[in-house]
Amino acid sequence: MKKIATAALALVLALGLLTACGANSTAPSSSAAAQESSSTPASEPASETEALSGVVNTSGSTSMESVVLALSEAFKELYPDVTVNYSGTGSGAGIEAAQTGTSDIGLSSRELTEEETAAGAVSNVVAKDGVAVIVNPANGVEDLTVEQIADIFSGKITNWSELGGEDMEIAVYGREAGSGTRGAFEEIVGVVDACQLTNEYSSTGDLVGNVAGNENAIGYASLSAVDDTVKAVKVGGVACTEDTIKDGSYAIQRPFVMVTMEGVALSDAAQAFLDFAMSPDAASIIAAAGAVSANG
Amino acid sequence: MQPQARGKRAFRDGIENAMRLIFTVCGFIAIAFVLLISVYLILSGLPAIKEVGLFDFLLGARWDSTNKTDPAYGILPFILTSIWGTCGAIVIGVPVGILTAVFLARVAPPRLAAVVRPAVDLLAGIPSVVYGLVGMMVLVPSIKDLFDLKAGDSLLAAILVLAVMILPSIVSVSETALKAVPKEYAEGSLALGATSLETDFKVILPAARSGVAASVVLGVGRAIGEAMAILMVAGNAANMPGLFKSVKFLTTAIASEMSYASVGSLQRNALYSIGLVLFVFIMLINILLNKVLKKNKE
Amino acid sequence: MRTSVDAPRGLSARRRAWHGAVRAAMYLSAALTCALALGLIGYILWRGLPGLSWEFLTTQESILKGTDGILPAIQNTIYVILVTLVIVLPLGVGAAVYLTEYATNRRLTGAIEFATETLAGIPSILYALVGMLVFCQFCDLGTTLLAGSLTLVIMTLPTIIRTTQESLKAVPAGYREGAAGLGAGRWHMIRTIVLPCALDGIVTGCILAVGRIVGESAVLIFTAGMSTSMQNFFGSGGLVKSSGATLTVALYVYAKERYKYDNAFSVAVVLLALTLLINLAAGAAGKRAKRKEER
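Residue numbers (my numbering), protein chains in the order written: chain X, 1 to 296; chain U, 1 to 298; chain C, 1 to 295.
If you are wondering where the hints come from, they were derived from the structure by calculation, not from laboratory data.
Treat the hints with care, since some could be wrong.
Unchecked claim - With a cut-off of at most 30 Å between alpha-carbon atoms, the simulated DSS-like pairs for lysine-lysine come out as follows:
1) Lys260(C) with Lys294(U)
2) Lys287(C) with Lys65(C)
3) Lys169(C) with Lys295(U)
4) Lys169(C) with Lys179(U)
5) Lys245(U) with Lys260(C)
6) Lys234(X) with Lys150(U)
7) Lys290(C) with Lys128(X)
8) Lys150(U) with Lys156(X)
9) Lys156(X) with Lys68(U)
10) Lys290(C) with Lys295(U)
11) Lys291(U) with Lys260(C)
12) Lys65(C) with Lys183(U)
13) Lys246(X) with Lys128(X)
14) Lys65(C) with Lys295(U)
15) Lys294(U) with Lys287(C)
16) Lys128(X) with Lys234(X)
17) Lys156(X) with Lys76(X)
18) Lys260(C) with Lys150(U)
19) Lys65(C) with Lys128(X)
20) Lys202(U) with Lys50(U)
21) Lys290(C) with Lys76(X)
22) Lys287(C) with Lys183(U)
23) Lys150(U) with Lys179(U)
24) Lys231(X) with Lys260(C)
Claimed, not checked - Which chain X residues face chain C? A few, computed with CB under 7 Å, are given here:
25) Val55
26) Ala70
27) Glu242
Said to hold, decoys possible - Pulled from the structure, derived: some chain C residues nowhere near chain U, Cβ distances all over 12 Å:
28) Thr58
29) Ser62
30) Pro196
The beta carbon of each residue, even a glycine, is placed where N, CA and C say it ideally should be.
Model the full assembly from the supplied sequences, consistent with the hints where possible.
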């Protein structure tokens, strides 16, 4: 009995491998789906909702984590047979994953560059998000101008006492180079290629957690990831909130983008997920995750 | 009757030959995998080295792969950090490991050894990210407070994590080697008037030296190849190594940049080149290990 | 017959100093190792146990409800272990059988053994690089658990080959000679005599391989993805297209991306228990194999 089960499993896998290895970039999902659906006794397609099944792999921006996880959870309630996966690899990796087809949908928390759109990447803006400048709650500094922030990150200001805080050296925490948060932050603050970082972190949560654990630290992170373990300072007198992002008064903001490829058809499940994320229905879910819907 | 039997025999021979073929293919698969990995790493690693220049790549002191105006691809900081980190881990881990091994193999009462040994084995089996987690939650803040730094993520933290990680394998491999030393050595030494401690350290330990050396080489291999655990404690800025500075290793440079460097870019190719450099390091260590083990057998 | 490590009286001052120093260093080292083991395990349990509950093990994470659970990670781990073993076992055992039963050229076996050693020594980050290039991109599998498992096949191959080879070598030559004398073909002999005798060794190899798979993080992060959603393996395309985090990767995600350190420690407790289980199983299997050898 065991032997048979093992052999069957091996066979299925070998088959899967063959179809996946032999086919071109878009075929594996559809051919596998076709095989499956033809072999299962097709119950009468009552509605579109029931017919939809499959796997949607998304990867990219770690800032978009809570938004994507919340969306996929809500989506699962509509389509129980669809699994939406999220891997936080960074915006650069997300865009690339969409381009190479290693993921169905790429996630980017910065606008696509001209090079990327020229290469066929399509931008679907689902939300707007603020990049909050965060410090440890024990830090007395409440308000910074964009110039001061630029000076801190480019290494001209190195001690909190220069900003009215205590006499402590500033630990400047930033994100890794492919990060959409870093890209947007450096561009808007005007410190592209000029940052003197103490430490580099490869995800939003990692940076927030480390700022929460170090009273000398300053960093930046998606507003949707900011909780009460860190303090978001006002930038030029404007607090980072959903309202100030919406009306544009908060300076450091950027879009959340779902990236697809021109000319590459998404699987039905992936298309449905994208449509759902772009629909006005998703606005409340996006808001619950801490960002501002772009389509609501 | 006759032809039928012959048919059966032919069938059996056919199976025999088929199985021989299958087993032969399996036998060569390890070689095939090594070739696949080598060829892949060399092919994908060479273009960037060619573009940057071998000298500038290996000895360039500045790594700034994402600078749009003036990118630099010098991996000297990573190489030095890897060497420093490995040396540091060895300097701390090896003496402690060998001394513990001597204690377990020769001195400890059997009952105590029976408790300590499984604990050491457990340490050896713990996934590396667990070490990274404890390192970032305990070590990093303590280093920050102890040395009054602005941040505790540093080469020192990485060295300590690596030292703890290589410790169990050094203990267990050395202990096995020590136990394999023939009893006559100890008896002879004791009969000549050496104390038991002198016997352990001046007779048994030297007699087991090739096994102990193998454990050290294994430790070097593990330390230089570890990525995720030190990624969590080293801070990951491309600085020249300094004990209290945030640093990037060869491994963590790949791990932290690989996922987002775009395909075909010089940055990504340079990461493959780092992989190639790491591969060369590892091959050298493997060849060394092979030599040590061969000597061991003789 | 040793009684104690204390130096006998009547040694020269220098010898006494040497004894004192070496003894102190040795006891200190041993104490340090023990303290490390105890401290690490104790700390992990202290931080992780409070968050560990039946619910944590049997539910999945929900952002909307704010709850946590690692069932998906457990399922993914089982999937990766099964797929990897199903593929690596025939390959590894086959290679070991070839080395001990068929190969005659010593230089060739030397080369294969060197290749095996080399595979064992390659760090996982290089496997991650190659796996990502070969399986995820070149074979077009995408970032999936299947691609991760295939990469792990290469990684665990040396473990299986080595342990199987050792247990095959331990099968008494008399068994083989007897079978050959009775006119059995080589495959027949391997199937009926050699492999059954080596079974315990193969089981040990499997357990060690499972240990390696459970502990792996770098390879899986880059080839299998980090999703903590529940996978529907038996849904359409589920076996091939699912991507997700195993327990180790889930720990990494919790610690590095979501700063949910308590969850990370709870996963660490689970991993600790698994490691202990694997060590015990490997020990038991190894002992059985040895007893058989001695018989």
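Satisfaction of hint between Lys294(U) and Lys260(C), Cα-Cα up to 30 Å: Answer violated: Lys260(C) to Lys294(U) is near 48 Å, above 30 Å.
30 Å Cα cutoff - pair Lys234(X), Lys150(U): holds (23 Å)
Proposed proximity, Lys260(C) with Lys291(U) (alpha carbon, max 30 Å): Roughly 46 Å between the alpha carbons, so the hint for Lys291(U) and Lys260(C) is violated.
Agreement of Lys290(C) and Lys295(U) with the hint, judged by alpha carbon distance not exceeding 30 Å: holds (26 Å)
Chain U versus Pro196(C) - minimum CB to CB distance exceeding 12 Å, so not interface: holds (16 Å)
Pair hint Lys169(C) and Lys179(U), alpha-carbon separation not exceeding 30 Å: holds (22 Å)
Proposed proximity, Lys183(U) with Lys65(C) (alpha carbon, max 30 Å): violated (65 Å)
Pair hint outcome, Lys150(U) versus Lys179(U) [Cα-Cα no greater than 30 Å]: violated (47 Å)
Proposed proximity, Lys260(C) with Lys231(X) (alpha carbon, max 30 Å): holds (18 Å)
Interface hint status, Val55(X) versus chain C (Cβ within 7 Å): holds (4 Å)
30 Å limit on alpha-carbon distance, applied to hinted pair Lys65(C) and Lys295(U): violated (62 Å)
Straight-line alpha-carbon gap Lys260(C) to Lys150(U), limit 30 Å: holds (23 Å)
Hint check: violations occur at hints 1, 2, 7, 11, 12, 14, 17, 20, 21, 23 and 27; the rest are consistent with the structure.
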